[in-house]
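Visitor: Going line by line, the protein sequences match chains A and B. No gaps in the numbering here: position 220 of the first sequence is 220 in my numbering, and each next residue is one more. Position in the second sequence (first residue = 1) + 330 = my numbering.
Note that these hints are calculated values from the structure, not bench results. Don't be surprised by glycine CBs; every beta carbon is placed ideally from N, CA and C. Keep in mind that a hint or two might mislead.
[Unchecked claim] Derived CB-CB ranges, DEER-like:
1) R354/B - N196/A: 38 to 44 Å
2) R32/A - D560/B: 51 to 57 Å
3) E352/B - R189/A: 40 to 46 Å
4) R522/B - R32/A: 50 to 56 Å
2 protein chains.
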Amino acid sequence: MSQPTCPNDTLLIHSTMALSDETRELIANAIRPHVLRISSRAGATNLTPADADPDAHAAHVLFGQPHPDDILASPKLRLVQISSAGYTRYDSDAFRRALRSRGVPLCTASGVYDDPCAQHALALMLSAARQLPQAFTLQVRRTWDTPAVRRHSVLLTGQTILLVGYGAIARRLAELLKPFGANVLGVRREIRGDENIQMIRSHEIDRVLPTADQVVNMLPASDSTRRYFDAARLERLKPGAVFINIGRGDTVDQDALIRLLNSGRLAGAYLDVASPEPLPAEHPLWTAPNCFITPHTAGGRQDEQRHLAEHLVENVRRLTSGEPLLNRVI
Amino acid sequence: MSQPTCPNDTLLIHSTMALSDETRELIANAIRPHVLRISSRAGATNLTPADADPDAHAAHVLFGQPHPDDILASPKLRLVQISSAGYTRYDSDAFRRALRSRGVPLCTASGVYDDPCAQHALALMLSAARQLPQAFTLQVRRTWDTPAVRRHSVLLTGQTILLVGYGAIARRLAELLKPFGANVLGVRREIRGDENIQMIRSHEIDRVLPTADQVVNMLPASDSTRRYFDAARLERLKPGAVFINIGRGDTVDQDALIRLLNSGRLAGAYLDVASPEPLPAEHPLWTAPNCFITPHTAGGRQDEQRHLAEHLVENVRRLTSGEPLLNRVI
Numbered sequence: 001m002s003q004p005t006c007p008n009d010t011l012l013i014h015s016t017m018a019l020s021d022e023t024r025e026l027i028a029n030a031i032r033p034h035v036l037r038i039s040s041r042a043g044a045t046n047l048t049p050a051d052a053d054p055d056a057h058a059a060h061v062l063f064g065q066p067h068p069d070d071i072l073a074s075p076k077l078r079l080v081q082i083s084s085a086g087y088t089r090y091d092s093d094a095f096r097r098a099l100r101s102r103g104v105p106l107c108t109a110s111g112v113y114d115d116p117c118a119q120h121a122l123a124l125m126l127s128a129a130r131q132l133p134q135a136f137t138l139q140v141r142r143t144w145d146t147p148a149v150r151r152h153s154v155l156l157t158g159q160t161i162l163l164v165g166y167g168a169i170a171r172r173l174a175e176l177l178k179p180f181g182a183n184v185l186g187v188r189r190e191i192r193g194d195e196n197i198q199m200i201r202s203h204e205i206d207r208v209l210p211t212a213d214q215v216v217n218m219l220p221a222s223d224s225t226r227r228y229f230d231a232a233r234l235e236r237l238k239p240g241a242v243f244i245n246i247g248r249g250d251t252v253d254q255d256a257l258i259r260l261l262n263s264g265r266l267a268g269a270y271l272d273v274a275s276p277e278p279l280p281a282e283h284p285l286w287t288a289p290n291c292f293i294t295p296h297t298a299g300g301r302q303d304e305q306r307h308l309a310e311h312l313v314e315n316v317r318r319l320t321s322g323e324p325l326l327n328r329v330i
Numbered sequence: 331m332s333q334p335t336c337p338n339d340t341l342l343i344h345s346t347m348a349l350s351d352e353t354r355e356l357i358a359n360a361i362r363p364h365v366l367r368i369s370s371r372a373g374a375t376n377l378t379p380a381d382a383d384p385d386a387h388a389a390h391v392l393f394g395q396p397h398p399d400d401i402l403a404s405p406k407l408r409l410v411q412i413s414s415a416g417y418t419r420y421d422s423d424a425f426r427r428a429l430r431s432r433g434v435p436l437c438t439a440s441g442v443y444d445d446p447c448a449q450h451a452l453a454l455m456l457s458a459a460r461q462l463p464q465a466f467t468l469q470v471r472r473t474w475d476t477p478a479v480r481r482h483s484v485l486l487t488g489q490t491i492l493l494v495g496y497g498a499i500a501r502r503l504a505e506l507l508k509p510f511g512a513n514v515l516g517v518r519r520e521i522r523g524d525e526n527i528q529m530i531r532s533h534e535i536d537r538v539l540p541t542a543d544q545v546v547n548m549l550p551a552s553d554s555t556r557r558y559f560d561a562a563r564l565e566r567l568k569p570g571a572v573f574i575n576i577g578r579g580d581t582v583d584q585d586a587l588i589r590l591l592n593s594g595r596l597a598g599a600y601l602d603v604a605s606p607e608p609l610p611a612e613h614p615l616w617t618a619p620n621c622f623i624t625p626h627t628a629g630g631r632q633d634e635q636r637h638l639a640e641h642l643v644e645n646v647r648r649l650t651s652g653e654p655l656l657n658r659v660i
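The whole structure should be built from the sequences, with the hints applied where relevant.
Guide: If you want it as structure tokens, here you go:
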């Protein structure tokens with residue numbers, strides 16, 4: 001039997017994120033009899049951190065990027081549903097303890113972003129293998145130079161590919177990589193045994209780094225991942241390797257990466273994240289040789305609001321029926 | 331039992347293609363006691379058409395891009411092994427009849443190029459979905475504009491993808507696409523029933539073109555495929571669709587494609603082939619809006635010579651043991 005529920009309770013869902021009329025209607029219809037309210041100070045995007053807002057304190061469910069103080073000050077709160085995959089703003093021991101003691105769960109929306117991130121990572125990997133930026137640069141010069149591009153074109157097939165930071169994105173990326181016949185290896189702090197690829201422990205990475213053709217960094221920001229790819233580790237990359245970062249900029253010693261790119265030892269670096277973001281115009285990463293940048297767009301999807309809405313609706317349904325919540329992190 | 335073979339016969343394999351010392355040794359060791367000879371006039375690449383060369387006439391096996399007259403003038407010939415996937419130079423009724431009447435098979439090396447072509451096509455498809463050229467253009471301007479790129483970022487998941495010209499490349503591409511959960515549809519003149527995706531007949535394409543998010547053209551050059559994508563057909567593409575060509579430039583009305591790109595109706599065209607090749611510097615395709623060009627590099631692979639050598643060795647083995655030949659077209 002599931003936990004006892006209160007079907008007659010009407011929940012107030014308070015969104016700190018602005019929603020299109022279409023999304024608002026989708027949510028309102030799906031959660032009836034519960035009620036959706038958009039904050040009068042709602043932020044423009046799913047990533048806009050909300051300022052403190054006393055209106056939030058009446059909510060049973062907070063959706064978006066609510067201010068941590070509001071979360072702690074809302075007495076009726078039963079669920080915090082974050083509108084992003086990352087949740088650094090809420091990731092402190094004190095905050096965790098406070099929510100846990102009240103039995104209030106906090107869920108991310110990582111399920112909305114796993115698939116775009118995995119497809120983006122594969123786009124960057126194939127782009128490197130098939131020399132797309134090099135070809136597009138030739139196009140600007142109106143130069144049809146087949147041998148120049150073919151000379152460096154490779155397949156993912158047979159390559160050794162290292163997925164660093166094994167979670168839902170890496171799991172999906174491993175699925176996408178399966179038909180290629182590559183040698184895909186995952187790296188994780190603690191191996192759980194339910195991973196879909198061969199795994200090694202985080203501290204063993206230095207042994208396999210010199211064998212990897214492509215290294216995909218998916219590490220989140222935290223004290224333990226800060227500069228995980230430090231100078232010594234980056235220097236273990238094999239000559240001609242490709243380094244991809246769709247995790248967080250802080251996890252890499254960017255100065256060391258730039259030195260490595262300048263030396264010509266790497267075939268390329270593909271970065272969707274940097275430190276700081278936005279990357280200032282004068283930053284040397286913009287023009288480092290064979291460095292290719294997408295501006296934190298790995299999680300992007302045109303249908304993002306609809307998927308965030310469906311994710312919220314599903315977790316409200318699970319909350320009221322006592323089922324396990326999706327992407328619960330506290 | 332296989333056909334009777336003559337183990338004491340020594341075959342002379344004449345290559346019109348220049349080979350590295352490593353490749354030459356690989357072949358020579360693998361075919362012993364048969365003998366490999368490289369033409370004194372050997373062409374620089376696997377695609378260089380050989381001029382007429384009387385030295386070829388003693389060969390039992392011709393490898394490379396032999397002159398059609400030499401093929402017809404070689405009395406001991408038992409196999410022609412072409413060093414490319416395309417074989418337009420040998421694709422006439424008269425030539426086919428001549429070879430057939432002598433029982434001389436002609437094989438392409440398409441097996442060497444299927445996988446790179448399929449991976450290249452997927453690289454272009456993901457590049458379009460994830461807005462990579464747009465991001466790289468922002469990088470040149472040192473502009474970190476996340477919303478500009480995210481706004482148009484999509485997934486292949488749920489898209490309708492049309493593979494036009496179903497052969498070994500499309501079969502491989504369909505395998506690579508499987509984990510994405512896209513709606514993949516193949517188009518072919520005659521459906522055989524052994525295809526790995528849902529198929530429609532070539533003449534039915536106009537019905538489904540307006541529903542396709544991405545159209546991948548893999549048609550070879552021939553009288554029947556010339557301007558298969560004419561103006562009327564291109565205009566059936568839905569607004570925002572992506573058109574990819576890794577087949578042959580002649581199969582598309584390029585003027586109509588440029589008009590369509592100029593009108594902004596398409597999200598993009600990704601072309602690995604053009605007419606003519608090399609594309610002259612003054613050609614309007616180079617600068618058509620949202621047109622992205624790779625210079626006939628879809629089949630490129632760094633390990634190309636080794637794979638061509640292994641393909642030749644395998645077909646010589648099959649020839650001498652009476653087994654069916656790989657990629658036989660005549």
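Visitor: Honestly, do R354/B and N196/A meet the 38 to 44 Å range at C-beta?
Guide: holds (43 Å)
Visitor: In this structure, is the beta-carbon distance linking R522/B and R32/A contained in 50 to 56 Å?
Guide: About 52 Å separates the Cβ atoms of R522/B and R32/A, which means 50 to 56 Å holds.
Visitor: Okay, E352/B versus R189/A on CB: inside 40 to 46 Å?
Guide: For R189/A against E352/B, whose Cβ atoms are near 43 Å apart, the range 40 to 46 Å holds.
Visitor: Taking 51 to 57 Å as the stated bounds, is the beta-carbon spacing between R32/A and D560/B within them?
Guide: Holds, since R32/A and D560/B (Cβ atoms, about 52 Å apart) stay within the stated range.
Taken one by one, the earlier hints all hold for this structure without exception.
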